[in-house]
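**Student:** Could you build the full structure based on these sequences and the hints that come with them?
Protein chains in written order, with my numbering: chain A, 1 to 250; chain B, 1 to 321.
Among these hints, one or two may not hold up.
What the hints assert, rightly or not - So these bits of chain B aren't anywhere near chain A, every CB distance computed over 10 Å:
| hint | residue |
| --- | --- |
| 1 | I31 |
| 2 | T68 |
| 3 | R82 |
| 4 | Q117 |
| 5 | R123 |
| 6 | R257 |
| 7 | E296 |
| 8 | S316 |
Unchecked claim - Result set (DSS-like, lysine-lysine): computed pairs, CA atoms no more than 27 Å apart in a straight line:
| hint | chain 1 | residue 1 | chain 2 | residue 2 |
| --- | --- | --- | --- | --- |
| 9 | B | K61 | B | K24 |
| 10 | B | K24 | A | K247 |
| 11 | B | K115 | B | K190 |
| 12 | B | K61 | A | K161 |
| 13 | A | K161 | B | K115 |
| 14 | A | K161 | A | K247 |
| 15 | B | K61 | A | K247 |
Derived from the structure by calculation, the hints contain no laboratory data.
Backbone N, C-alpha and C fix where the C-beta goes; we use that ideal spot for every residue, glycine too.
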Amino acid sequence: MFWRETFIVFRRQLRMALRNPAWVIIGLVQPILYLCLFGPLLEPLAGTLGAENAYTLFVPGLLVQLGLFGALFAGFGLIAEWRAGVIEAERVTPASRTALLLGRILRDVLQLFVQGIVLIGLAFLFGLTGSIIGMVFGLILTVLLGAACAAASNALALTTKSEDVMAPVINSIALPVLLLSGILLPMTIGPQWLQVVSDFMPTKYIVNAIRELFTGDFFTITTMWGVIWTLVLFAAGLYVGTRTFRKENA
Amino acid sequence: MIHARGLARTFAGRGKGADKVEVKAVAGVDIDVEAGEIVGFLGPNGAGKTTTLRMLTTLLKPTAGSATVAGFDVATQSQQVRRSIGYVSQSGSTSPEARAGEEIMDHGMLYGISKQQAEARGRELFEQLDLEGLWTREPRAMSGGQRRRLDIAMGLVHDPTLVFLDEPTTGLDPQARANLWTHISELRTKRETTVFLTTHYLDEADALCDRVLVIDHGVIVASDTPDALKRQVSGDLVELVLADASRSAETAALLERVADSDLGIDGATVSARVRGAGHEVAGLIRSLDAAGIALESIEVRRPTLDDVFLTLTGRSLREDA
Chain A
1 MFWRETFIVF RRQLRMALRN PAWVIIGLVQ PILYLCLFGP LLEPLAGTLG AENAYTLFVP
61 GLLVQLGLFG ALFAGFGLIA EWRAGVIEAE RVTPASRTAL LLGRILRDVL QLFVQGIVLI
121 GLAFLFGLTG SIIGMVFGLI LTVLLGAACA AASNALALTT KSEDVMAPVI NSIALPVLLL
181 SGILLPMTIG PQWLQVVSDF MPTKYIVNAI RELFTGDFFT ITTMWGVIWT LVLFAAGLYV
241 GTRTFRKENA
Chain B
1 MIHARGLART FAGRGKGADK VEVKAVAGVD IDVEAGEIVG FLGPNGAGKT TTLRMLTTLL
61 KPTAGSATVA GFDVATQSQQ VRRSIGYVSQ SGSTSPEARA GEEIMDHGML YGISKQQAEA
121 RGRELFEQLD LEGLWTREPR AMSGGQRRRL DIAMGLVHDP TLVFLDEPTT GLDPQARANL
181 WTHISELRTK RETTVFLTTH YLDEADALCD RVLVIDHGVI VASDTPDALK RQVSGDLVEL
241 VLADASRSAE TAALLERVAD SDLGIDGATV SARVRGAGHE VAGLIRSLDA AGIALESIEV
301 RRPTLDDVFL TLTGRSLRED A
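**Tutor:** And the structure:
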């Protein structure tokens, strides 16, 4: 029952997303733009940054960025749906509230997954080398992080019910996270104080873990922390999300 | 079909400064609706209509009191309640970019009915509600009346025995409203569905409902048939418009002899409530004639539910609506 309901919600979301190809195209073009327009800048710097291959450094960062940003903005669609009365109409059916959330998150996760594959595949053309299995695991971590962010974003959307409130909140969270996670450049090249601040960013550990996974280092402390943080964020995101969807007044 | 006792809901709100105040949205209502009835829930905006409806449809937990809907307790058997009822909210039920047919099928399937069943039921409802040919139409490309009928179809896809309609005709043009009224009364005659609807339109309650519950400030202040409610108002409204405004005081004195209440002068218009106006008006006109007061027009209005509301609460519905 639960999975059927989740699937109904997921299929509905996916159908609507695919019918609006603008979003699908924008979603796919973004990682490509980063690779084409930012990747070449990193190539000559790779050595200085302590990496043999610029793209094993860069692609994991882009993956996490996709996971964070793409998914954090997922909630905006929910506000529109709430305004159209869809959420209320779904909540008056006997369907599980968790299924209503999960079906939506699965759509975001699928989009992220496809974007990730396009990104990695394309990066090979630019000269990415490394462990394929590691990349698969890196993609899984990204997807879990994306699910957490999508759940949190949906929860925030249903709590604020206003794009005008939500946009500044998301931006004020996303920008520091982006800058302090070493997504574009590793934090190790920064001054001491910046490194200390970034130590408080769970996403930094996730980026670092995916970088190690890409080079084939599976069983390191860095990887372990990244996996732990991903799982913690995933659990927290789902918890907050389901709680909000169950809350009566949402 | 609906039995509520002392159903209440308070929200935590904020008063001036940091004081926490409790806002009583619904302050304990008793509601009884029998199978096959069409009952209207009438009140101004903010009176507690939607909050009551949300409690009866399991979207909101009551802070006090109890209610059984379609034979199930809203607090402890919410799943069974949801299966038995349809709810058409004010805000709609479909995404503007989705396709109508797909929306109704998905909605039906969330109620647990099979895909084939959902499609069959959906198409049947489209036909009943004059939505033929709109199966693949996007709601954003529909008229307001079509969208409202689609919302009603969505609420009926699982064949509920009881349907709640929250302000079903708000924002529709008069023609679409009249059309929707026909469809709503057909819910009973053709499908044997019990209907509980909220409205702040008096003509709507009047045209559709067997019984009207009047709610104000979270309390039900009256419950009766529209006709019986109107009888509570003391008399019909007689409105005289004079050719010469300077004679309005004299006219008022004559009108007062037959008036029961609400005697008033507004420029050249003199009005009052007169019990049995049909009988009294002839004598009134004769006495005006005898005094040489010329009338521009005379109007006798039967009491409306607006007058009922005014009598019950001291306020007009229209001021808030």
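**Student:** Is K115/B within 27 Å of K190/B, Cα to Cα?
**Tutor:** 24 Å, holds
**Student:** Taking 27 Å as the top limit, are the C-alpha atoms of K61/B and K161/A close enough?
**Tutor:** Holds, at about 21 Å.
**Student:** Does the alpha-carbon distance linking K161/A and K247/A stay inside the 27 Å limit?
**Tutor:** The hint holds at about 14 Å.
**Student:** Evaluate the condition: distance from the CB of I31/B to the nearest CB of chain A exceeds 10 Å.
**Tutor:** Given that every Cβ of chain A is farther than 10 Å from that of I31/B, nearest at about 18 Å, it holds.
**Student:** Taking 27 Å as the top limit, are the C-alpha atoms of K161/A and K115/B close enough?
**Tutor:** With Cα atoms ~32 Å apart, K161/A and K115/B exceed 27 Å; violated.
**Student:** Take a quick look at whether K61/B and K247/A sit within 27 Å of each other, Cα to Cα.
**Tutor:** OK: K61/B and K247/A at ~10 Å, within 27 Å.
**Student:** Compare the distance between the alpha carbons of K24/B and K247/A with 27 Å, and conclude whether the hinted pair is satisfied.
**Tutor:** Distance of about 20 Å is within 27 Å: holds.
**Student:** Is the nearest CB of chain A more than 10 Å from the CB of S316/B?
**Tutor:** 30 Å, holds
**Student:** If we take the beta carbon of R123/B, is the closest beta carbon in chain A still more than 10 Å away?
**Tutor:** 19 Å, holds
**Student:** Find the nearest Cβ of chain A to the Cβ of Q117/B and say whether that gap is larger than 10 Å.
**Tutor:** 14 Å, holds
**Student:** Would the non-interface assignment of T68/B survive a Cβ cutoff of 10 Å against chain A?
**Tutor:** 17 Å, holds
**Student:** So is E296/B really clear of chain A, every C-beta pair being over 10 Å apart?
**Tutor:** 49 Å, holds
When held up to the earlier numbered hints, the structure conflicts with 3 and 13 and fits the remainder.
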